[in-house]
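Student: Listed below, chain by chain, are the residues.
Protein chains: 4
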Amino acid sequence: MEKTFIKLLKEIDLSDPIFIEALPGIGHVGKLVAEHLIHELGAEKFAELYSPSFPPQVFVGEKGIIEPMKNEFYYLKSAGEDHKDYIILVGNTQGLSPEGQYDICGAIIDFVEKYGVKDIYTLGGLGTGQHVDKTKVLGAATSKELTKMLEEHEVKLRSSDGGIIGASGLILGLGMSRGMNGVCLMGETPGYFIDADASKAVLIALISILKLEVDVARLEERAEETRKMISKA
Amino acid sequence: MEKTFIKLLKEIDLSDPIFIEALPGIGHVGKLVAEHLIHELGAEKFAELYSPSFPPQVFVGEKGIIEPMKNEFYYLKSAGEDHKDYIILVGNTQGLSPEGQYDICGAIIDFVEKYGVKDIYTLGGLGTGQHVDKTKVLGAATSKELTKMLEEHEVKLRSSDGGIIGASGLILGLGMSRGMNGVCLMGETPGYFIDADASKAVLIALISILKLEVDVARLEERAEETRKMISKA
Amino acid sequence: MEKTFIKLLKEIDLSDPIFIEALPGIGHVGKLVAEHLIHELGAEKFAELYSPSFPPQVFVGEKGIIEPMKNEFYYLKSAGEDHKDYIILVGNTQGLSPEGQYDICGAIIDFVEKYGVKDIYTLGGLGTGQHVDKTKVLGAATSKELTKMLEEHEVKLRSSDGGIIGASGLILGLGMSRGMNGVCLMGETPGYFIDADASKAVLIALISILKLEVDVARLEERAEETRKMISKA
Amino acid sequence: MEKTFIKLLKEIDLSDPIFIEALPGIGHVGKLVAEHLIHELGAEKFAELYSPSFPPQVFVGEKGIIEPMKNEFYYLKSAGEDHKDYIILVGNTQGLSPEGQYDICGAIIDFVEKYGVKDIYTLGGLGTGQHVDKTKVLGAATSKELTKMLEEHEVKLRSSDGGIIGASGLILGLGMSRGMNGVCLMGETPGYFIDADASKAVLIALISILKLEVDVARLEERAEETRKMISKA
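Chains as they are written, first to last, in the working numbering: chain X, 1 to 233; chain H, 1001 to 1233; chain L, 2001 to 2233; chain U, 3001 to 3233.
So that you can see chain X by itself, here it is in the shape it has in the complex (with noise of 0.2 Å):
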């Protein structure tokens, strides 16, 4: 494999679609998000993402099947009380070296441009490095009107504290060269195990923001399965 590909499974038609990516990242946050919202709301996969700058290897899934590295693009159709289209993004993994990051987010923007996608939401955790009382969801956009948005639904806003690393940022920021308004929700967790409270209170946010219908109570029993499948060797 000599570049990054995507390889489109179906062939869909979607109006002025939600982007939402949530690759794996700090606590598992975003992830668990965003196979919730797919199962959920019942989403369906149309596209992979291949690199050769994912790492160098294949998971052992379940019973020793092999699974390759792969990104995958899910869409919605009307979904929630605005009637809106959806694309999310979820993975396995993400690129390795700052230049593979650029390479594969400028493919995914590249991507989803051409569905029309204008407004992106970018889930994951924050690391606290320590036990975290009551998660707070804070958050980061491209222009005031989103910060305010933001504020309305009480997420907390970061200031000058530093940089959105990986996909979650970078997909903003390649996001913004194409006039792309962009969100960014974190959920804060001690990052070292697969936190469900933090991606709770992401969901919430997300789906108040988004006007979407999920149960909530539900991503708990999710993260239980996911722990359960990680610690089985």
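Because the hints were derived from the structure by calculation, they are not lab data. We put the beta carbon where it would ideally sit given N, CA and C, even for glycine. One or more of the hints may lead you astray.
[As the list claims (entries may be wrong)] Here are the simulated SDA-like pairs of lysine to any residue, each with C-alpha atoms no more than 20 Å apart in a straight line: (1) L/Lys2228 / X/Ser160; (2) H/Lys1003 / U/Glu3002; (3) H/Lys1070 / U/Asn3181; (4) X/Lys70 / H/Lys1228; (5) H/Lys1228 / U/Ser3160; (6) L/Lys2136 / U/Ser3160; (7) H/Lys1007 / U/Arg3178; (8) L/Lys2063 / X/Glu220; (9) L/Lys2156 / U/Ile3065; (10) U/Lys3156 / H/Gly1061; (11) L/Lys2070 / X/Met180; (12) L/Lys2063 / X/Ser143.
[What the hints assert, rightly or not] Stretch by stretch, here's where chain U covers chain L in the computed footprint (C-beta under 8 Å, at least three residues): (13) 2098 to 2107; (14) 2170 to 2182.
Given the coordinates of chain X, work out where chains H, L and U should sit on it, guided by the hints.
Tutor: For chains H, L and U alone, kept in the frame of chain X given last:
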């Protein structure tokens, strides 16, 4: 050298060969097995792979003779009970960078695909970091049919316990995208010496699956030679 | 994004401009000087540089507003006693990998060469790792005429004491191959805080050499603001 | 700078020149030998190599004068008893990344091949990490004829003791694929200072093999100068 290239030493014609990969890794487990197969079954070298993603160095072999870093393809015609053809890949190195691994493993898959490969076996060690009482062979595969087959040959399935790192994993992942079937056999090994016991266990599983007749005892002698060659400076 | 590119914001016409580089580095020394020059002299931004060799992230600025990683080119016409034109380069990052640094600095030299740049000044800090009593400015240059000139402005010459690492060095090295003259001014700094003293010393040397009139006192205020912005989270 | 390039300073005509590589490495062993040969035999520079895989920096030489990172090709016509032509490669750096080393060493081999090089000598140090009582010169070569020749000149052969890392190894490896013969001479050195003793031992072996007449004693003076230049800041 600007890119990975394969130097063909001999034009050969094979019929749906089985591809066995055993590039150097933990405990030299796969490498020992493959070198043993090559010698015992009289496989012949027909191609060499060179890459700018190999370590930038040469090896010094016996009596001061310099060896370039390379991977080597051997072939066997009509071997074992099933009269199958084989391609066996060994070498003195793997790619260093993630992108380099994708480049090299991609070139390998492109190359063996031309000979009609549909089935891949990758061999390696699984480091335990501690003494191993009775070496187990662990396995993973690209389909349920294959994992079931592995269990019939007393290979224990790995399960959701992380990844198969390096060429032994990536070759399977890239093969999957070409519709190739794949199996990885890993011998448990402490990992910090040349482990003939782990190699023997992998060899026994492999020849049972592939119905090959190979002298297993002689593997220990070969391991001893390798140990001497490496310790002697 | 596959390669480094420069986005021109405004067509401008300059006459043999002097190029001042001050990308972020140790103690924020050069960056503070250049930002001060830009504000005090009213320099205007005319181009931005983006690169896949920048860190794969975005910054979060004040009140949760996301800023992409970028370098920014400012210009000044007919400034100071000598009525010279200037191009000033600042930014929130440098390239990460060695190859990335060459790519980015090469793009910068290509770009400024088109405006007729023949003289380069690169600004930075020189980390001492310990308390600095009275900040000295150290310098190096591409010719004896320039090192002599530096001594006349009370800049102490560095000598065979290692290298100038990063953009401040590489831009001079690449400029030399185009026949550009270059000077590097480095303020001694402990290196582990935003060092207004080191910046002030570099600023005084620079405006003495270039015959610019700039309020030096106000630099301390700017450093204070920067410190507050960074400490506030 | 997007790729490695060689700037030809003078058109020259050589007859089957012997190529001596001595880029900087452990203990400056090879570099000292080559610089000594260049000065004592009056070799003349005819080409320079620049690369984006060199460290992204410049050196500061004596009295604040900036030197770009580069490799330099010198030549000698009809030198020594055998009236042979020579190309000698020195420089202030090597490539940083593995891929960069392949790129640079490949460009070097391409370049010297055009002059008809068939024999390569690479010079370096072999770090012992401890005090060396009597410096031995260790060697390796691409054929039995050459290793035998080395033993006749009292060079001890290395044997299965790992690799020759960096340009001194890789140039031999890449040369082999063009049918060039190669020898590596390494002087044992503690490795943490500029080691004139190791250089002297390598020089004695080299001039014995190549039948060159060079003042060995003066090498110590040159090492002393280098030490002073590096310690002086």
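Student: Hint by hint, where does the structure go against what was stated? Just the numbers, ascending.
Tutor: 4, 6 and 8
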